[in-house]
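Heads up: the sequence lines are chains A and B, in that order. Quick note: the first sequence, position 41, residue 28 per the working numbering, numbers continuous. Quick note: the second sequence, position 110, residue 225 per the working numbering, numbers continuous.
Hints listed in this document are in silico derivations from the structure and should not be mistaken for laboratory results. Treat the hints with care, since some could be wrong.
[Claimed, not checked] Cβ pair distances, simulated, as ranges:
| # | chain 1 | residue 1 | chain 2 | residue 2 | range |
| --- | --- | --- | --- | --- | --- |
| 1 | A | K27 | B | R315 | 31 to 37 Å |
| 2 | B | A350 | A | H71 | 39 to 45 Å |
| 3 | B | R270 | A | L8 | 50 to 56 Å |
| 4 | A | A31 | B | N222 | 41 to 47 Å |
| 5 | A | L8 | B | G196 | 51 to 57 Å |
| 6 | A | S60 | B | R315 | 19 to 25 Å |
| 7 | A | D2 | B | S242 | 53 to 59 Å |
| 8 | B | D269 | A | A31 | 47 to 53 Å |
| 9 | A | S68 | B | L188 | 33 to 39 Å |
| 10 | B | N346 | A | L8 | 23 to 29 Å |
| 11 | A | L37 | B | R270 | 38 to 44 Å |
| 12 | B | N351 | A | H35 | 25 to 31 Å |
| 13 | B | L188 | A | E4 | 49 to 55 Å |
| 14 | A | R65 | B | L188 | 27 to 33 Å |
Cβ atoms here follow ideal geometry from the backbone N, Cα and C, with glycine treated the same way.
This is what each chain is made of:
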Amino acid sequence: MEEGETVVSRIATIDCEHVILAISDYIEGAVDLCLHDRIKAHLAECNHCLAIHDGTRNVLTLVADGSVLEVPSGFGKRLYSRLHSVLK
Amino acid sequence: MNLPEQKAHLDEQSLEAINPDRCQLSSDSCNVTTPGLGLAEHFTSADSLSSRQSQAKTSVAAQPQSVQEGEALLIQRICAGEKELFYDLIRPYERAVYVAALSVLQNESDAEEVAQEAVLKAFANLSRFRGEAKFSTWLIQITINEARMRYRKDRAHLYESIDEKDTDPDGDYFPKDYADWREIPSECLERKELRQALLRGIASLGTKYREVFILRDVQNMSIADTAKSLNISEANVKTRLLRARLMMRDVLAPGIDGVWSLGENSWKKVRPW
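Turn these sequences into a full structure, and let the hints guide you.
Following this line, the structure appears as structure tokens:
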């Protein structure tokens, strides 16, 4: 680390374009520690990227329990009825 | 290619999907930090989101080894003649099969019919399953292929295929400059309108993005299993996933009817950047 350079200035060198490209992996915790810290530092200072990060994470929160796509009523019964005709 | 040739070609594709030799699933080799974990586990450990994710209904997320061993025993017994055990084998994946079909077809009755066909095909070809893949991945692979064949067949008169329709490359996608959407109003989570907005968002995705988004983010399949189910590379899954997530965010960020609730009877228009 050069004289006068802080830890934050060293890691906050990633630009918006690269943050967006990595935002999906970042949300999943699938980036290495170095990149994670750089993105985290960028998000602390960039409202634009923070909004995209939070919005994307919200999307995943809303769909992650699977209830958005419901199975039609009676689906299992009809499936097993058809299966039964083959298995018997 | 005339019609009989097309049918033979599609049948070959279907058989390829259920050929265990195509499933080199000896290990989960995805490049995520925590291989095999679904989003629910990632969020819980890394981002401390609410417990909604941990309540995932999916049965195709990362499975403990004991589940696979139990399934392997079931399959042995079914192949040995105890056919009725197939009910037990298939039961945990009813929903996953239906949703996988829906991700391609976007039509409930078609998806149900294809889901049934896929389950029957899995039963008919169970002896060909050698346990090199997870049973769930093999089953979803069959379902996706059945759904794609149905999609092509139903749209044959339009002279287009899924591949032709989704001509946009998996290039970079830059999200729109919508206002911040920092918090999800809790009362919105149960709202019918929200579910409809999510469905509209999912329907607006191109097929190849919708497939990846549903298998990975709705069904919580791992990156590796999503790739194998769709017969694409893990890198492709990640690229499409990024784009699908950003597009979903763009669809939903303006809020329902352009607003997000701040509380009871309190609405705030989303401010543009």
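Outcome of the hint check:
1. A:K27 with B:R315: 31 to 37 Å: Because 32 Å falls inside the window, the suggested range holds.
2. B:A350 with A:H71: 39 to 45 Å: Check passed, 43 Å falls within 39 to 45 Å.
3. B:R270 with A:L8: 50 to 56 Å: 33 Å, violated
4. A:A31 with B:N222: 41 to 47 Å: Holds, at about 45 Å.
5. A:L8 with B:G196: 51 to 57 Å: 53 Å, holds
6. A:S60 with B:R315: 19 to 25 Å: 22 Å Cβ-Cβ, so the 19 to 25 Å window holds.
7. A:D2 with B:S242: 53 to 59 Å: Since D2 (chain A) and S242 (chain B) have Cβ atoms about 55 Å apart, the given range 53 to 59 Å holds.
8. B:D269 with A:A31: 47 to 53 Å: 50 Å, holds
9. A:S68 with B:L188: 33 to 39 Å: 26 Å, violated
10. B:N346 with A:L8: 23 to 29 Å: Given a distance of about 25 Å, which is inside 23 to 29 Å, the answer is holds.
11. A:L37 with B:R270: 38 to 44 Å: 41 Å, holds
12. B:N351 with A:H35: 25 to 31 Å: 28 Å, holds
13. B:L188 with A:E4: 49 to 55 Å: 51 Å, holds
14. A:R65 with B:L188: 27 to 33 Å: 28 Å, holds
When held up to the earlier numbered hints, the structure conflicts with 3, 9 and fits the remainder.
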